[in-house]
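J.: Listed here are the chains, written in short residue letters.
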Amino acid sequence: MSNYRFDRLKVLVVDDNAHMRKLVVTILQAFGVIQIFEAETGDRAWHILRESNPDVIMLDWVMEGMSGLDLIQMIRTNPQTPNPFVPVIMLTGHTSLDHVARARDAGVNEFIAKPVSVKTVMSRLVAVIEHPRPYVRTLGYFGPCRRRRGVDEYRGPERRSESPKQQAAE
Amino acid sequence: MKRQQPIELFMPPNMLKAKVGGGLGGMDMGAMKRAESAMDGLKGQFSDWIASDVKALIEARANYAKKVDADTRGALLRRAHDIKGQAPTFDFPLIARVAGSLARMIGELPPATALPLSLIDAHVNAIQVIHKQNLKDTNDKIAQALCAELDARVDDVVKAATK
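Protein chains in written order, with this note's numbering: chain U, 1 to 170; chain P, 1 to 163.
Hints were generated in silico from the structure; no laboratory data involved. Backbone N, C-alpha and C fix where the C-beta goes; we use that ideal spot for every residue, glycine too. A few of these clues could be false.
Under the rule of at most 25 Å between Cα atoms (straight-line distance), these lysine-lysine pairs were calculated in the DSS-like manner [stated by the list, open to error]:
#1 P:K33 - P:K17
#2 U:K119 - P:K55
#3 U:K119 - U:K10
#4 P:K136 - U:K119
#5 U:K10 - P:K33
#6 P:K55 - P:K163
#7 P:K17 - U:K119
#8 P:K66 - P:K55
#9 U:K22 - P:K55
#10 U:K22 - P:K66
#11 P:K17 - U:K10
#12 U:K119 - P:K19
#13 P:K66 - U:K10
#14 P:K43 - P:K33
#15 U:K119 - P:K132
#16 P:K43 - U:K22
#17 P:K136 - P:K55
#18 P:K43 - P:K132
#19 P:K159 - P:K43
#20 P:K43 - U:K119
#21 P:K55 - P:K43
Quick look at which bits of chain P chain U covers, simulated, 3 or more residues with Cβ under 8 Å [what the hints assert, rightly or not]:
#22 16 to 24
#23 31 to 39
#24 44 to 58
#25 71 to 81
Which chain U residues face chain P? A few, computed with CB under 10 Å, are given here [claimed, not checked]:
#26 Y4
#27 I48
#28 M66
#29 L91
#30 T92
#31 R102
With the rest of the complex left out, here is chain P (with noise of 0.2 Å):
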């Protein structure tokens, strides 16, 4: 069978690779152990910076409630996906995983289809309390029960949507 378009393979030298030798190459343990106590050092301000998200995710769903539009979407979108991409990091799995259910209905309700702002606060409040009780053990009964529950609610709006 002949093929339909040109295809060229070609493999370029690997200039990386001469810049920083390495000899036979693998993860580099001293540089490694040198980030994880640097990280270390950059734990007392995981705290500040989790307060600072979720303040700008309070802003932006507050701009999404004054004027719907793309604009206040994709910001509200992108508040809560930095959210979930940066609480682990931060020692809140729990909010991640709020977060990640808000930016799920974000991403997969239709750009037409308004999103529901009770389920939106339903997010953000969830997020705002587990901040403020400083909850951070994934195996808590009732933040399980509040996690699953706003899991069931988005997926019941993004399966009315997109039926």
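Here chain U stands alone, though its shape is the one from the complex (with noise of 0.2 Å):
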């Protein structure tokens, strides 16, 4: 059995959905944690993230102005965010392909569909700690690694070395 020490956490919730936030501070605070900071609007929370550095994010899509998808972009590519690599879990209601497709494009580490249950907030906490992802960086992309496998995962030969004739004899 699991025994973390969530009081030691940092945790930022944004949702511009009052009812939404008190559901997951609930929910956070019932888990053990202490530092909770809020925030409505995307201009806030990075406001509050360059304030308080949050060990993790949990962040609505829809919101009004600044998006979750824009706020996310910003965390993982803005020179002056705090970190970089901070764990964003986003609350949402779109679930389709598209959508998730979409997100993880943006940077997202872990989904939560709405409805908000206990038994997926503690799922989506304990995915961040105890699996976080590898991170990408290329040309256009800067965040989590968009596949679920981990980086040394793969042992199997090379399939884009440089020579084919080099795979061939593999």
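Two independent chains are provided; combine them into the complex using the hints.
T.: Right under this line is the structure:
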């Protein structure tokens, strides 16, 4: 049985709906999280983020002004970000594959599909603690690896090696 | 084949695990039990919360009817989307379904296409009726027929606008 020290975590909850924030904050407090910051807009979240440098961010997608996706891109790529690796758990009513792909492309670590439940909040927290994703930097993307598998999991031949002859010989 | 661009893949140190510990990990059942109790404690407020969300939807509908633009449309979408996501938690799954249908229509119709006010009203009125009559049974035949009709009309509107 795990015995996490959730009281050591700093969590930022970003949602423009006060009821949803209250729900998530209540769950986190019951888990033992003490330092919880709340923001109702992306702009306010960015301000808090730079001041308090949270360990985990729980973020709504659909908000007035700066959307959840815009905020994630700032977190991952803005030079003023305090931690481009901070795990972001996205709370969303969007569950189509297209939406999931867009959020992954923006740099989301984990999803919680609304309606929010205690079990899903715990499971996503455990996922970012126990199974962090490797990070990828390319010309067009910086963020968690969009594949579920670990960095060093693949042990087979290199199929993208420089020489096709060498590949054939293998 | 040469890669078209450099790809850097790396694993940052797991500072989170170092901070919270947790041994072999896994779900913290004690914490979950406490959270379920805390959620039960909130249930008394859910009725007020859904009433406030429905009121916000009605206001967003009125604002859109007064002035059709991207801001009022966005606000209407956000209110519908909020209800879709929250109403099941507040024990109103039928409201969530109708709000989901409304959010789908707003999200899938091209921004240049005006939203049909009559169909918005059909959704908003249905949500008000479900709320006032406290309908929570997803097997209710009349509610099912209403939801199916709204879905079908949204399908028609979206198809007509996007073909």
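J.: All the hints need checking, so say for each whether the structure fits it.
T.: Hint-by-hint comparison with the structure:
{"no.": "1", "hint": "P:K33 - P:K17", "verdict": "22 Å, holds"}
{"no.": "2", "hint": "U:K119 - P:K55", "verdict": "30 Å, violated"}
{"no.": "3", "hint": "U:K119 - U:K10", "verdict": "20 Å, holds"}
{"no.": "4", "hint": "P:K136 - U:K119", "verdict": "23 Å, holds"}
{"no.": "5", "hint": "U:K10 - P:K33", "verdict": "21 Å, holds"}
{"no.": "6", "hint": "P:K55 - P:K163", "verdict": "34 Å, violated"}
{"no.": "7", "hint": "P:K17 - U:K119", "verdict": "20 Å, holds"}
{"no.": "8", "hint": "P:K66 - P:K55", "verdict": "17 Å, holds"}
{"no.": "9", "hint": "U:K22 - P:K55", "verdict": "19 Å, holds"}
{"no.": "10", "hint": "U:K22 - P:K66", "verdict": "32 Å, violated"}
{"no.": "11", "hint": "P:K17 - U:K10", "verdict": "13 Å, holds"}
{"no.": "12", "hint": "U:K119 - P:K19", "verdict": "22 Å, holds"}
{"no.": "13", "hint": "P:K66 - U:K10", "verdict": "43 Å, violated"}
{"no.": "14", "hint": "P:K43 - P:K33", "verdict": "16 Å, holds"}
{"no.": "15", "hint": "U:K119 - P:K132", "verdict": "31 Å, violated"}
{"no.": "16", "hint": "P:K43 - U:K22", "verdict": "12 Å, holds"}
{"no.": "17", "hint": "P:K136 - P:K55", "verdict": "19 Å, holds"}
{"no.": "18", "hint": "P:K43 - P:K132", "verdict": "18 Å, holds"}
{"no.": "19", "hint": "P:K159 - P:K43", "verdict": "40 Å, violated"}
{"no.": "20", "hint": "P:K43 - U:K119", "verdict": "17 Å, holds"}
{"no.": "21", "hint": "P:K55 - P:K43", "verdict": "19 Å, holds"}
{"no.": "22", "hint": "16 to 24", "verdict": "holds (count 8)"}
{"no.": "23", "hint": "31 to 39", "verdict": "holds (count 8)"}
{"no.": "24", "hint": "44 to 58", "verdict": "holds (count 3)"}
{"no.": "25", "hint": "71 to 81", "verdict": "holds (count 5)"}
{"no.": "26", "hint": "Y4", "verdict": "4 Å, holds"}
{"no.": "27", "hint": "I48", "verdict": "19 Å, violated"}
{"no.": "28", "hint": "M66", "verdict": "13 Å, violated"}
{"no.": "29", "hint": "L91", "verdict": "8 Å, holds"}
{"no.": "30", "hint": "T92", "verdict": "8 Å, holds"}
{"no.": "31", "hint": "R102", "verdict": "13 Å, violated"}
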